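Residues per chain, in single letters:
Number of protein chains: 2
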Amino acid sequence: MSNIRDIAKLAQVSVATVSRVLNNHPYVKEEKRKAVWHAVQQLDYQQNINAVHLSKGKTFVIGVVLPYINHPYFSRLLEGIADAAEANGYKLMVIQTNYQVDKELEALDMLRLKQVDGVIFTSRSSPWNILKEYRAYGPVVVCENKMDNQISAIYIDHYRAFQRGMELLIQKGHRKIGYCIGRRKGSNSQKRHEAYRDQLAEIGEPVTEKWIFEQCLHMEDGVRVLREWRDMKEAPTALVVTNDLVAAGIILEAEKLGVSIPESLAVIGFDDQPLAKALRITTIRLPLPRIGKEAFQQAIQDLQIIHKALPFELVERKTV
Amino acid sequence: MSNIRDIAKLAQVSVATVSRVLNNHPYVKEEKRKAVWHAVQQLDYQQNINAVHLSKGKTFVIGVVLPYINHPYFSRLLEGIADAAEANGYKLMVIQTNYQVDKELEALDMLRLKQVDGVIFTSRSSPWNILKEYRAYGPVVVCENKMDNQISAIYIDHYRAFQRGMELLIQKGHRKIGYCIGRRKGSNSQKRHEAYRDQLAEIGEPVTEKWIFEQCLHMEDGVRVLREWRDMKEAPTALVVTNDLVAAGIILEAEKLGVSIPESLAVIGFDDQPLAKALRITTIRLPLPRIGKEAFQQAIQDLQIIHKALPFELVERKTV
Numbered sequence: 000m001s002n003i004r005d006i007a008k009l010a011q012v013s014v015a016t017v018s019r020v021l022n023n024h025p026y027v028k029e030e031k032r033k034a035v036w037h038a039v040q041q042l043d044y045q046q047n048i049n050a051v052h053l054s055k056g057k058t059f060v061i062g063v064v065l066p067y068i069n070h071p072y073f074s075r076l077l078e079g080i081a082d083a084a085e086a087n088g089y090k091l092m093v094i095q096t097n098y099q100v101d102k103e104l105e106a107l108d109m110l111r112l113k114q115v116d117g118v119i120f121t122s123r124s125s126p127w128n129i130l131k132e133y134r135a136y137g138p139v140v141v142c143e144n145k146m147d148n149q150i151s152a153i154y155i156d157h158y159r160a161f162q163r164g165m166e167l168l169i170q171k172g173h174r175k176i177g178y179c180i181g182r183r184k185g186s187n188s189q190k191r192h193e194a195y196r197d198q199l200a201e202i203g204e205p206v207t208e209k210w211i212f213e214q215c216l217h218m219e220d221g222v223r224v225l226r227e228w229r230d231m232k233e234a235p236t237a238l239v240v241t242n243d244l245v246a247a248g249i250i251l252e253a254e255k256l257g258v259s260i261p262e263s264l265a266v267i268g269f270d271d272q273p274l275a276k277a278l279r280i281t282t283i284r285l286p287l288p289r290i291g292k293e294a295f296q297q298a299i300q301d302l303q304i305i306h307k308a309l310p311f312e313l314v315e316r317k318t319v
Numbered sequence: 000m001s002n003i004r005d006i007a008k009l010a011q012v013s014v015a016t017v018s019r020v021l022n023n024h025p026y027v028k029e030e031k032r033k034a035v036w037h038a039v040q041q042l043d044y045q046q047n048i049n050a051v052h053l054s055k056g057k058t059f060v061i062g063v064v065l066p067y068i069n070h071p072y073f074s075r076l077l078e079g080i081a082d083a084a085e086a087n088g089y090k091l092m093v094i095q096t097n098y099q100v101d102k103e104l105e106a107l108d109m110l111r112l113k114q115v116d117g118v119i120f121t122s123r124s125s126p127w128n129i130l131k132e133y134r135a136y137g138p139v140v141v142c143e144n145k146m147d148n149q150i151s152a153i154y155i156d157h158y159r160a161f162q163r164g165m166e167l168l169i170q171k172g173h174r175k176i177g178y179c180i181g182r183r184k185g186s187n188s189q190k191r192h193e194a195y196r197d198q199l200a201e202i203g204e205p206v207t208e209k210w211i212f213e214q215c216l217h218m219e220d221g222v223r224v225l226r227e228w229r230d231m232k233e234a235p236t237a238l239v240v241t242n243d244l245v246a247a248g249i250i251l252e253a254e255k256l257g258v259s260i261p262e263s264l265a266v267i268g269f270d271d272q273p274l275a276k277a278l279r280i281t282t283i284r285l286p287l288p289r290i291g292k293e294a295f296q297q298a299i300q301d302l303q304i305i306h307k308a309l310p311f312e313l314v315e316r317k318t319v
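If you read the sequences in order, they're chains S and L.
Mapping the first sequence onto numbering that gives the first Met the number 0, position 226 (from 1) lands on 225, and the numbers just tick up by one.
Mapping the second sequence onto numbering that gives the first Met the number 0, position 287 (from 1) lands on 286, and the numbers just tick up by one.
Honestly, the hints are just simulated from the structure, not real lab data.
Predicted model, so just to flag it, every value in this text is computed and none were measured.
It is possible that some hints are incorrect.
Treat identical chains as interchangeable: a pair holds within one or across any two.
Stated by the list, open to error - Below, computed lysine-lysine pairings styled on DSSO-like, alpha-carbon distance capped at 27 Å:
no.	residue 1	residue 2
1	K28	K102
2	K31	K8
3	K317	K171
4	K131	K33
5	K317	K276
6	K232	K255
7	K276	K255
8	K317	K31
9	K8	K131
Using the sequences and the accompanying hints, generate a full structural model.
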């Protein structure tokens, strides 16, 4: 915030007092507090900042496209983006899309109309070519593994991360392995499926379609998966679960139904949410806030197109 | 989305085909798909929508002020706001404040500068008078129990909700009761403290300051609380925990340390997050997404100032 000196001068108080008042510090005399707020009003200092923004041709707003706002994977990405925005004096235009393409286009159009300085796609349904066409209007940053010399990508190598999970299970003697996923068609999901297929091929096992559980987003979905698993004639002995919340649902329902984990069913999660730590879930830790933070940095200044994979890490606990 | 007919006409395809392409439906010929995207580009139809917005003097953007973007309480409020925004064709300007007043003022200033149509304060540090001064520029909606004829409030009666928790504990024979809270100074927190003090007074017990655990936001904070509790010479036999995540941390740590719940320590949570259901936590269910939804409705059309408390509900499970 600029102009703190002007406020202090007009209010006839010290800069430190202005700072205390703006941050609602308790020990400031009511009289001084009023003087500061009055000066703030008179100076309309925020407008000055906006004028600076305009003169630089910037909005200091970044658009963020995400399918679901209250889902741990996207919440943690958004957390990283929001922390970086806060530190850099930017605001976020957040668009929840439910994977509807028209909502995604609205975000791109804000870039064209200079309502935002850049757009981050945490996930998408729109065709890649559309993103590229809008790139002319400003930075478009994705959080998926796409090598295109026009669009920056900050991502996790989901192929390798999934592969790491499969390797652990195979190493522990599992051959009948299924997995849980949010949706099949995203590019991250496709990479995960390829890793699944390739790892099974390595041990000479076929892909069993009914062992792939879709629409797995929340804890309740894990409950459903465990019940379906229990009712299967031929069931997998291990599951790669691409989301800790779903893994937690599976584990808590297993406990309730007397299914011992990992003896009857091994489960490996993803993300390393606090819940995974609490329930001692073996998981692949993904640096989601850091992805968000770096995607933000790229969205505000995309001078050079980059493709950057951030490292994941296997955290072994009790469920494999 | 308007103009779907114009797109269809220009692309020489049916309206249904346009819809399928926009929603990324798989079974559309590549040729038609290209024609549709080409027409979309040519028509710049989003710009037309913006022109409509401008002619109505509206931005179709609502500002949302929240202290932490990735905290379950605020995530669930934001979920309700975002769902309503999506359904009504609005975007959200989200400002994470960490309770810094200058960030909150930025949101109010966007209202003054007509960059947003209204502002929702999910929580705040700014003095009430400042919110009132900006009310002249458009709707300001708060999610706390404040009776002011200039500002609409959609809220939970935190006094009564906390009281309900205390009553349950007292009814089960507890007299030494503590509580966990995020911060002490917000107006919702003050109401909770009043309920705490009043209920203790009813049974003739004093307020014991060291049984009030502050900075309780995440699961790790619950772990810390349980450890502090265990090391106390004189410890409470029950805790009102204003957040299920923290309650979960307490319960999981208690299990680890062999503290039996509710026998040695009764715990009542708040919110009824999926985690509370999974861990069988007795909790006060708060209708947070609905608060968010109704706050949004009020922010877009605040013709009449309203003060509306939404109902909470005690959910008895295994921890009291």
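Hint-by-hint comparison with the structure:
1. Proximity of K28 to K102 under the C-alpha cut-off of 27 Å is restricted to the inter-copy arrangement: shortest distance 23 Å between copies versus 49 Å within a copy.
2. Taking the shortest Cα distances, K31 and K8 sit within 27 Å of each other inside one copy (12 Å), while across copies they are farther apart (65 Å).
3. Proximity of K317 and K171 under a CA criterion of 27 Å is satisfied intra-copy only: 13 Å inside one chain copy versus 36 Å between copies.
4. Within a single copy, K131 and K33 get their C-alpha atoms only as close as 52 Å, which misses the 27 Å cut-off; across copies the closest is 14 Å, which meets it.
5. With identical chains, the CA atoms of K317 and K276 are at most 27 Å apart both within one copy (10 Å) and between copies (22 Å).
6. Proximity of K232 and K255 under a CA criterion of 27 Å is satisfied intra-copy only: 21 Å inside one chain copy versus 36 Å between copies.
7. For a Cα distance limit of 27 Å, the shortest separation of K276 from K255 qualifies both inside one copy, at 20 Å, and across copies, at 12 Å.
8. In this homomeric assembly, K317 and K31 never come within 27 Å of each other (Cα to Cα): the closest approach is 58 Å inside a single copy and 52 Å across copies.
9. For a Cα distance limit of 27 Å, the shortest separation of K8 from K131 across copies, 25 Å, qualifies, whereas the shortest one inside one copy, 50 Å, does not.
Figure legend: structure checked against the earlier numbered hints; the only hint not met is number 8.
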